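Starting from the two chains in their separate frames, assemble the complex, guided by the hints.
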Amino acid sequence: MKTVLKDYWLVWRMAFSSRARHASAIVFGLSALSAIVVPLLILLKENDLLLAAGMSLRMAVTGVVLGWMLYFVPGAVKLNTPAAARLVPRLRRRLIEVTVLVWALAVAMATLLSLNTKLPTALVLLGTGGWIAAFGLAQSGQKLGTWVQFAFTGSFVFHRHIPPVLFEGVQHGTGFAVALLLMLAFAAYALQAMFLNGGEHHYAAREAQVLQIERMSPTGQFRERRQNRFDASLYRWVLQRDSAARNSGRLLAHLLGARNHWVNRAVVLAAIVALAGVALLVMHAKAGPETRQLVKDIGWMFPLPLLLGAMFDTEKRNVRLKDTAAEQALVRLAPPLPAGAPAFNRKVAVMLLRTALLEWAMLAGAVLCVGVMTGASAASLFTQACLCCLTLPLVGATLRDHAHRSGLLGWRLLLGFALSLAVSAGVGMELNRFTGLPPAVGAALASIAIAAVLVARGFRRAETAPYAFPAGRLA
Amino acid sequence: MTTAIIQSAAISKHFGSASILSQLDWQIMPGQVIGLLGRNGAGKSTLLECLLGLRETDSGTVRIYGEDVSQLSDATRARIGYVPQKSDLFEWMTPRQMLDYFRALYPRWNGAKVDGLLERWGFDKLMQNKPISKLSGGEQQRLSIIRALAHDPELLVLDEPVSALDPVGRRDFLRELIDSVIERGTTVVFSTHILSDLERVALDLAFLKDGRIALQGRLDELLEGARRVVGPASLLDGKPLAGELRRQRAQDGTVSIITHGGAGLALLGKEAGVRVEPLSLEDLFIEVTQ
Chain A
0 MKTVLKDYWL VWRMAFSSRA RHASAIVFGL SALSAIVVPL LILLKENDLL
50 LAAGMSLRMA VTGVVLGWML YFVPGAVKLN TPAAARLVPR LRRRLIEVTV
100 LVWALAVAMA TLLSLNTKLP TALVLLGTGG WIAAFGLAQS GQKLGTWVQF
150 AFTGSFVFHR HIPPVLFEGV QHGTGFAVAL LLMLAFAAYA LQAMFLNGGE
200 HHYAAREAQV LQIERMSPTG QFRERRQNRF DASLYRWVLQ RDSAARNSGR
250 LLAHLLGARN HWVNRAVVLA AIVALAGVAL LVMHAKAGPE TRQLVKDIGW
300 MFPLPLLLGA MFDTEKRNVR LKDTAAEQAL VRLAPPLPAG APAFNRKVAV
350 MLLRTALLEW AMLAGAVLCV GVMTGASAAS LFTQACLCCL TLPLVGATLR
400 DHAHRSGLLG WRLLLGFALS LAVSAGVGME LNRFTGLPPA VGAALASIAI
450 AAVLVARGFR RAETAPYAFP AGRLA
Chain B
44 MTTAIIQSAA ISKHFGSASI LSQLDWQIMP GQVIGLLGRN GAGKSTLLEC
94 LLGLRETDSG TVRIYGEDVS QLSDATRARI GYVPQKSDLF EWMTPRQMLD
144 YFRALYPRWN GAKVDGLLER WGFDKLMQNK PISKLSGGEQ QRLSIIRALA
194 HDPELLVLDE PVSALDPVGR RDFLRELIDS VIERGTTVVF STHILSDLER
244 VALDLAFLKD GRIALQGRLD ELLEGARRVV GPASLLDGKP LAGELRRQRA
294 QDGTVSIITH GGAGLALLGK EAGVRVEPLS LEDLFIEVTQ
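The listed protein sequences correspond, in order, to chains A and B. One point on numbering: in this note's numbering, the residue at position 215 of the first sequence is 214, and numbering is uninterrupted. Throughout, this note's numbering is defined as the position within the second sequence, counted from one, plus 43.
Next up, chain B with everything else stripped away, as it sits in the complex (with noise of 0.2 angstroms):
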């Protein structure tokens, strides 16, 4: 049996009052490549904060390579890299000395990897040399990207990592992260709201509702059991279906009922007035977060 790489067991955190995170439980895989999804506001960045051990949880407890996050030890710190939302990062540096600062600090540092990456994504001599503070949104988050992957981590950790990018950059990321990072057996868990490159990278899938994790699964196997049945309020009021995951009433009286993995719903979709549609990756999103 494979050991989890990130276990979290009954995780909660509070604001103040506001809770962000209750009673989470979650797995994540040794290869697994999760997309974690919420609205804006749901936790996310906090949900990655407390799985790296950035910030303490209220209660429960979270586990990296088998250690606990809040004594993890050099060799797994070594092993993991982390792309936090904000990418303005180490302004008074430039981009080189940034490097060098973290090729510093870390073992082992792919050097042939970050000047392969710096001049693909368009850092020449100029730029590398430039303040950071300097540098637009979309090339500070770039190479943000480019410090995490150097070190070759074994599981990455990425928040928002395309937020700032335009199409061009968000394309040069993703080939990266399939070709020399997904397919070396990389871990990765991110978060975005850019579902189409979800689609394009993400095997898996995870909503994050209410401080919990409300659905997960394999992104294709979610979508082909997502559905939506819409009918008379007559004949689904009080009728429970198979997966159910979210119920709603509309004003003119149907119903609208959102379901995964449910059985027989061929059969109810015969009945005079019900609908059963699939649902898009965007649909499910919203269903199943709203």
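Chain A with its partners taken away, still in its complex shape (with noise of 0.2 angstroms):
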């Protein structure tokens, strides 16, 4: 029994590290923190000893579940190799087990705590299995596991379209029976997709596992994909334009990748602006007068988290040029490109600049079209376009000394974006105070203020820094 709980904790920790070196210090570590402290507040204010343990006992769990979720899965299936599978099976066994064990603890943990509650015991026991399931194989890198884990979404969000004898069906004897017994059953397919056993199965679906490993680290979201059909073909004939006009500054873009050129961006918000188009249409369509005069007057608000993706696209930038250094030593040797660090550097910087704003450009215009799809007035449109503004600032995010700094710039993007917004909530609340200009107004204008000086910094940068490619070689 002393082997097997030293093999458990040994492989937890294997598979925390692989991901992240001192994850399992810290989730162990916060978890302790909030069974301790949060049951300790309890405790005072209502001088509950069962309550408080039980919050204990919630906590510890909670934090146990999240770190297999985040941690544990991910660097299990990562451990599994299809060598791994067939050599090591000991391994295996125990990533397994483990699984099932903190999935079974889960499931049992929720069921406990939704009796003698609103929440029908049944359901929350078919839920909880079926989705951490599904999480788990999604985690390994099958589509499977995501679509399901939209229907358990859809299903809690649309239930009341659900017909109640269905739910009721599945709460109580042979429906019950079924339920549980298919979801067992998507459990186990679930963990044998988790936990290949080697050979060529393993081996093909090996491609989709470490994609979706590498997708949760930081700088592994913004790598290269592989390019559907269509990407490729549309930049297949991009790549034709730009070599045949022998334009450098446009073929120096190329070196950000196929998926990150503006022309597949354009395509995907485009896709996103006619899905938007759809869902009003039926909206206008089955929705009452009341919903549609709500979509008229707040409507205009929801595509605006979409221009977030301007932040995304800078970090995209940064880990693609720190990903193509070895293609840059070749294209800097290149004989169009300026020779002497400052006009090279002016070069690259212009082609960066000219694509965030491009791509900050589409993010607005996406959104501004979406709000015009939901029939706001040309108050909110105007309210909307200001901000937009507000997220300009992050094109000059993208003009660093990338010999000396290259990859993703992380909390510091952050932190500088929050800075940002404040400033500029800031002098639009005073111009507001002394003008009566609009707040929205006075913050786009200082937002776009705030972008001018990044770029002009930026700039001046580009002339004293070493020569920009390739990136990060002094870092």
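Hints are computed from structural coordinates only; laboratory data are not their basis. Treat the numbers as computed from the prediction; the structure is a model and nothing was measured. We put the beta carbon where it would ideally sit given N, CA and C, even for glycine. Do not take every clue at face value.
[What the hints assert, rightly or not] DEER-style ranges, computed between Cβ atoms:
hint, chain 1, residue 1, chain 2, residue 2, range
1, A, ALA203, B, PRO321, 52 to 62 angstroms
2, A, ALA421, B, ALA52, 24 to 34 angstroms
3, B, LYS129, A, LEU104, 38 to 48 angstroms
4, B, GLY59, A, ALA24, 21 to 31 angstroms
5, A, VAL209, B, ASP295, 19 to 29 angstroms
6, A, ALA451, B, THR45, 48 to 58 angstroms
7, B, GLY59, A, LYS1, 57 to 67 angstroms
8, A, ARG20, B, PRO283, 31 to 41 angstroms
Set out below in structure tokens:
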């Protein structure tokens, strides 16, 4: 028994550290801390020992389950390579056992917590078991897992549209038994798909697994992905056109990769706008006048989160520039690129700024387009346009000393953006107080000014920095 | 007097506290075919990158065709071909797209040569339109070489160009290098670990050790002049030999000395217990770089 527990602890730490070195200590530390502090606070306020003990247990289990979902599962899938699955069967066995144990613990805990509440216990059991199994399946790179998760979310959101008889049926007697068996079968299938047993099938699935694992890392989610057929044909056309034009600036932009080319981004945004259009059409046909009015009044706010795409675009460019350092060496030696670091860096900065501005304009355009489709008033659309300007300073973040600094900006980008928002909001308020200018307009003007300052600073830095390419060589 | 194509003087390069290149002086003359040798981590790639201006040196100067390497003109850059060690480049493109991309960047592009190489090196239509990420390591390396040769460079810098190639691929590459590059008088600098290939192609060798060119010369002269002298310590200790490169004392008390171009070894070889042996390229590599 002792050996088995030791093994479990070992594989738990192995899986965690394969994703992040100190993740295990952080997750356990935070779980332990919240399992002590939160119950203590409850004890002080309510003076109820049982309630505090229950909360402590919940916190501890929540910590373990979160750690399992975020770190253990991706780490375990990563560890179970086709070779390890065949050559170290004990590792695979232990990974499966720990996975099942935590899954069972999460399901049992959720079921117990639902007792004596309004939540139907049977549905909680089935839902938790199925959803966590789907999560594991998705983590192993299988699209089915993602679709099942979507289905769960959909059934939760639109539960009023599902016939009550179905919900009733699966909560009692034979219906429950059948549903439970189906959930267990799905969980078993997910488990088998997560931990394949080597061989051709495993090798074939490995690419999707590795991609999914990579997606969980901060840098990995911004990596170049494989193109689908449509993207590839579109990129072929763009590359052919740019090669034929022999425009070194445009050719330079191809260093960012195929998926990150603005044409592909434009297609994605067009698809989003089209989908939003269809959804609005359906809504107009089905919804009542109150809902239609509500959409008209506040609908223009819904596409605003799209603007955060500018932050992801900035990070994508940063990661791509780091990943293509070897390609940059060849491009730097090519004749049409300017000689001397200042001129070369200016050229790179112009390319990056143009790409960033274009992508920002496309995002803002998509947001406004959806705004127009909601039937928003001119005033709302104007506010929307002003809000779009708040993300404009992000284009300045793309101009850096790429030789010394490459890769993710991470928290620096977040902090910088938050600071820019705060300054813009403050300026907007003050301008409103002194001049009566609407706050959104003042904030937009401040953001435009911040963007201009950042861009000017970026270009000044480009003048004195070493050759931008290959990026990151002096980091 | 012929001017050196690459002229580096007193270049130094550190990575943190590790010294990679130390006051290195090196000249490469027109038409030279130089094999750069050194152990793993000796700094061969760093040296080649510094020579091309892809890395900044901490001190010293590098000039290519008389121009400062940080300010190379368009015309000079058009004369340089470079095959980096990493060959999985432009993975999101197909070979055809990548070649078209570079054709757009170079004023001179030998399309016939590219087509010929693609055909000879097994790039059929299907493979030419396959993403580079899907090609094998050897295929990617061959493509990298084709790209570097396509604009008929006058200076070709190759960083371990055959490391991923199978014997057939290596033979094809060497044939191409001899027939259409070296024969044309192109200056070639290449690093490799495959000594047999080097013997077939390189006329000159340079050994990189401790951040400097420890030994350089014509291959035949180096092999002809290199000798290992093994003898008793009582006889060889305290007796410096001409052209001595390295001296080592074995556990059995004998002393082994590597010399190059030293005179008077024949006489020493007649002493009792003293052996004077010629060295193979592999022996020379080991002895010089150890």
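Quiz item: ALA203/A and PRO321/B, beta-carbon distance inside 52 to 62 angstroms?
Solution: holds, 55 angstroms
Quiz item: Given a hinted range of 21 to 31 angstroms, is it respected by the beta-carbon distance of GLY59/B and ALA24/A?
Solution: 28 angstroms Cβ-Cβ, so the 21 to 31 angstroms window holds.
Practice problem: Note whether the CB distance of ALA421/A and ALA52/B lies within 24 to 34 angstroms or breaks it. | Solution: The hint (24 to 34 angstroms, Cβ to Cβ) is violated, given that ALA421/A and ALA52/B are roughly 53 angstroms apart.
Quiz item: CB of GLY59/B to CB of LYS1/A, is that within 57 to 67 angstroms?
Solution: Cβ of GLY59/B to Cβ of LYS1/A: about 45 angstroms, so the range 57 to 67 angstroms is violated.
Quiz prompt | Cβ distance range 31 to 41 angstroms for ARG20/A and PRO283/B, holds or violated | solution = At roughly 53 angstroms between Cβ atoms, PRO283/B and ARG20/A fall outside 31 to 41 angstroms, so the hint is violated.
Exercise. For the range 19 to 29 angstroms, tell me whether the beta carbons of VAL209/A and ASP295/B fit it or not.
Key: Between VAL209/A and ASP295/B, where Cβ atoms are some 54 angstroms apart, the hint is violated.
Quiz prompt | Distance restraint hint 38 to 48 angstroms, applied to the beta-carbon atoms of LYS129/B and LEU104/A | solution = Because 46 angstroms falls inside the window, the suggested range holds.
Quiz item: Given a hinted range of 48 to 58 angstroms, is it respected by the beta-carbon distance of ALA451/A and THR45/B?
Solution: holds, 54 angstroms
Going through the hint list in order, the structure does not satisfy hints 2, 5, 7 and 8.
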